[in-house]
Structures are given as C-alpha cells and as structure tokens.
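Enquirer: Model the full assembly from the supplied sequences, consistent with the hints where possible.
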Amino acid sequence: RSGEMAKLTQLIDNEVFRAYATYTTIVLLKMMLMSLITAYFRITRKAFVNPEDTAPLGKGESAKKYLRTDPDVERARRGHLNDLENIVPFFGIGLLYALSGPDLYTALLHFRIFAGARITHTFAYLIPLPQPTRGLSWAAGYAVTISMAYKVLKTALYL
Amino acid sequence: RSGEMAKLTQLIDNEVFRAYATYTTIVLLKMMLMSLITAYFRITRKAFVNPEDTAPLGKGESAKKYLRTDPDVERARRGHLNDLENIVPFFGIGLLYALSGPDLYTALLHFRIFAGARITHTFAYLIPLPQPTRGLSWAAGYAVTISMAYKVLKTALYL
Amino acid sequence: RSGEMAKLTQLIDNEVFRAYATYTTIVLLKMMLMSLITAYFRITRKAFVNPEDTAPLGKGESAKKYLRTDPDVERARRGHLNDLENIVPFFGIGLLYALSGPDLYTALLHFRIFAGARITHTFAYLIPLPQPTRGLSWAAGYAVTISMAYKVLKTALYL
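Chains as they are written, first to last, in the numbering used here: chain A, 1 to 159; chain B, 160 to 318; chain C, 319 to 477.
Don't read these hints as lab results, they were simulated from the structure.
Keep in mind it's a predicted model, so treat the numbers as computed, not measured.
Quick reminder that beta carbons are idealized off the backbone N, C-alpha and C, glycines included.
Some hints here could point you the wrong way.
[Said to hold, decoys possible] One side of the interface only, derived from the structure: several residues of chain B facing chain C at Cβ under 10 Å: (1) A214; (2) N241; (3) N245; (4) R293; (5) M307.
[Said to hold, decoys possible] DEER-style ranges, computed between Cβ atoms: (6) L385(C) <-> Y264(B): 36 to 46 Å; (7) D421(C) <-> A214(B): 53 to 63 Å; (8) L351(C) <-> K189(B): 44 to 54 Å; (9) Y358(C) <-> L195(B): 31 to 41 Å.
Expert: This is the structure in structure tokens:
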C-alpha cells in the first residue's frame with residue numbers, strides 16, 4: 001500500500017494544504033491552551049465546580065466553600081467557548097476552501113488574518129483590553145471565514 | 160506543483176464531496192449566524208456579561224445594571240451550543256462518510272435531511288415553537304449522523 | 319466520474335486513514351451519547367430550562383417548578399462541553415496527522431490512547447470517580463493531541 005501512502009503524502013505536500021494544516025493546528029493548539037488557563041485560575045483562585053475536585057483542600061464543610069464561581073475563571077471559560085464557536089467553522093470551511101483550489105497568496109492571507117485575529121481576541125478577552133479590540137478581532141475572524149465560505153460555495157455548490 | 164493542485168481539485172470535483180462541501184458550509188454558516196443573533200439580543204435587551212462591554216452605556220454603577228442575563232439572550236446561546244454539539248459530529252462523520260464511497264442519491268438524502276432538520280431546530284428554538292417540533296428536528300439530525308457513522312464503520316473499520 | 323470516486327475510495331483504503339476514521343467516529347459517537355445522557359437526567363430529575371419543555375408536566379405555576387437546575391444534569395452537561403473542547407482538536411489535528419504520513423503502529427497508538435482516555439474521562443465524570451482519575455484521563459487525551467500536532471507541524475509547517 002505504499003502507493004496509496006504516497007498519494008496521501010501528496011495532499012500534505014500541496015502548499016495551500018500545508019498552510020491550512022499549519023494555521024489550523026496553531027489555532028486549535030491556542031484553543032487547547034484555554035483549558036490550561038481555566039485550570040490555572042481554578043487552582044489559584046480556589047474556585048471549583050465538582051465536589052471531587054476540592055478533596056485536596058479539606059473535607060466536608062471546609063471544602064464546600066471552594067465550590068464557587070470566580071470572575072477570572074468565568075472569563076477564561078467564555079474565551080474558550082468563543083474559540084469553539086469560531087474556530088470550528090474556520091476548521092471546517094477552511095478545509096473545504098483549501099481543497100477548492102485557491103491561489104496560495106490569497107489562502108495565506110485568509111489563514112494569517114484568522115490566526116492573528118483569534119490570538120488578539122484571546123489577549124483582548126483575558127487582560128481584558130477595552131472595547132472595541134475584542135469586538136473587532138472577533139469580526140475579523142468572522143469575515144475571513146465568510147469569505148472562504150463564499151469561495152467554497154462558488155466552486156463546489158451542489159444542492 | 161500544478162499536478163498536485165489538479166489532484167486536490169479532483170476531490171472537490173467529486174459530486175458526493177461537492178454536496179458534502181455545500182451542506183457542511185451551509186450548516187456551519189447557520190451556526191455562525193447564532194453569534195449575530197446573540198449579539199443582537201445582548202444589544203437590544205441591554206444584557207451583557209463583560210464589564211468592558213457596557214462602557215458605551217455609562218460609567219460606574221449606572222452601567223453595572225446591564226451586567227445581567229436575559230431570557231432571549233440565554234435562549235440564543237442554548238441554540239448555539241446545541242448547534243456545536245450536533246453540527247461538529249455531522250461535519251466530522253459526514254466528511255468520513257463522503258470519503259467512504261456512498262452513492263450520490265443516498266448521500267444527498269442524508270445531507271439534505273440534516274440541513275433541513277437543523278434549520279427547523281433553530282426556528283423551533285428561537286420563536287419558540289411548541290414541542291415536539293424542536294425535539295423531533297433534533298432527533299432527525301441525530302439519526303442522520305448515526306446512519307452516516309454506521310456506513311463509515313462498515314466501510315473503514317480498523318481498530 | 320468513476321475514476322475520481324476510485325481515488326476517493328483510495329483515501330479510505332489507506333490503513334492509517336481507516337484507523338483515523340474508525341477512532342474519530344467512535345469518539346464523536348461517544349460525544350453524541352452525552353446528549354442522550356443529559357436528556358435522560360432532565361426527564362428523570364424533572365429539571366428543564368425551556369418553558370415549552372415542561373408542558374407535559376402541567377400548566378402554569380405547577381410546571382414552573384420544573385424550570386430548575388439539577389446536579390446530575392449539570393454534571394452531564396459539563397462532561398459534554400469537556401468533550402467538545404477536547405474531541406474537536408483531536409478530530410482536526412488527527413485528520414492532518416493522518417495525512418502527514420505517520421507509520422501505522424504509531425498512529426494506532428495515538429488514536430487508541432485518545433479514545434481510551436476519553437471513554438475513561440466520561441465514566442470518571444459521570445460516576446464520579448475520585449480524582450485524579452478524571453484529571454489524568456483528560457491529560458492523556460491532551461498529551462496525545464499535542465504529540466500529533468508536533469508531527470503535523472514538523473511535516474507540514476508553511477507559515
């Protein structure tokens with residue numbers, strides 16, 4: 001089956017597809033980082049949601065007080081959910097876009113703006129930066145995804 | 160590398176894959192629309208969650224009263240999360256299904272039912288329509304995804 | 319277009335890709351199961367969030383008391399969200415990894431550990447098992463995804 005393997009390798013050798021693979025991996029890793037940031041805030045702020053997670057902090061009533069919400073934890077969780085809502089469409093529509101034969105320069109432009117926008121969005125959410133920084137970075141990623149969706153539908157439309 | 164590009168284009172030229180690309184793009188765009196609907200309700204109902212978002216509405220205590228939940232905002236957010244929970248499996252299992260060599264008619268039937276079900280689900284959630292409209296539209300999309308998963312596992316199973 | 323269909327079928331005939339398709343379908347189906355578990359707890363605990371869902375339980379004030387949160391429902395929902403946060407990166411990075419030409423044994427090792435970790439995570443969350451079971455199973459899935467991301471970036475990096 002080495003012939004088939006070679007064909008698969010050709011997919012990852014295509015420059016547009018390699019760029020897609022690179023930027024998608026970067027934004028998915030960035031999204032995964034939100035889990036660590038939430039865990040960091042849960043531990044340093046002592047704000048948990050599952051009773052079994054407070055066991056190291058004491059038993060019975062003394063541990064129950066750590067079952068609470070904390071603004072920093074909630075902020076990180078909102079940033080994480082916003083990533084899911086926006087990075088999932090980029091991953092899906094971007095994959096189809098990369099297979100729709102865009103030219104390399106245009107594709108790179110889309111991928112770079114999206115990744116830059118989502119990284120900016122995370123800083124804007126967590127610091128937090130005054131609006132409209134978070135709003136504009138969200139909108140930039142959204143617009144890039146719409147633009148790729150337009151190319152996919154123009155190339156592939158089959159209803 | 161134009162030879163490789165040609166091979167990629169062949170993927171998007173396959174009719175089943177084009178149908179998959181079309182319907183996946185449609186449901187992902189529909190999911191993205193939920194962000195705009197949530198933002199619309201947040202602005203018109205003046206119900207925000209981040210203090211930095213209420214700055215245009217006044218300073219200090221006068222703005223704090225807009226940090227609140229609103230039933231329409233929460234409803235749109237639940238619809239959005241339900242989309243994530245159901246459209247992600249469709250996108251993933253549907254991709255593998257499209258690559259598993261289904262016949263075009265069967266594939267189109269699956270994709271069309273799923274897209275129709277999720278659009279119905281959104282109207283049923285937002286209006287809201289009396290049950291069991293939302294429940295049945297959810298179940299239709301769920302059943303289609305299970306059916307595609309069965310085909311994928313039957314074709315590709317390699318544990 | 320049977321020639322193109324044949325080429326598509328070659329993708330699903332590749333052993334690494336078949337293994338990816340199998341394990342991704344399994345973990346996406348497992349994630350979908352969380353919807354049924356949440357619905358089961360909502361119905362048996364009579365804990366709903368949408369007023370239209372309580373109609374079978376009575377009218378007016380008598381139904382309003384079922385608009386409440388329940389610890390088992392919330393626990394299932396947290397497990398579901400944790401699945402989304404972790405299975406989406408596996409699905410995306412794993413797809414690119416499967417296309418990056420890993421050897422079959424290494425790929426199977428990654429996919430099996432991830433699937434086992436997420437199934438363990440679900441049991442640990444729902445029963446619940448004492449920590450660090452849930453924490454370690456989460457970390458195992460996370461580490462596998464990072465390892466695949468490293469391979470993807472090493473193979474495909476194009477910034």
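Enquirer: Could you tell me which of the hints above the structure violates, numbers in ascending order?
Expert: Numbers 1 and 8 - these are the hints that the structure violates, sorted from lowest upward.
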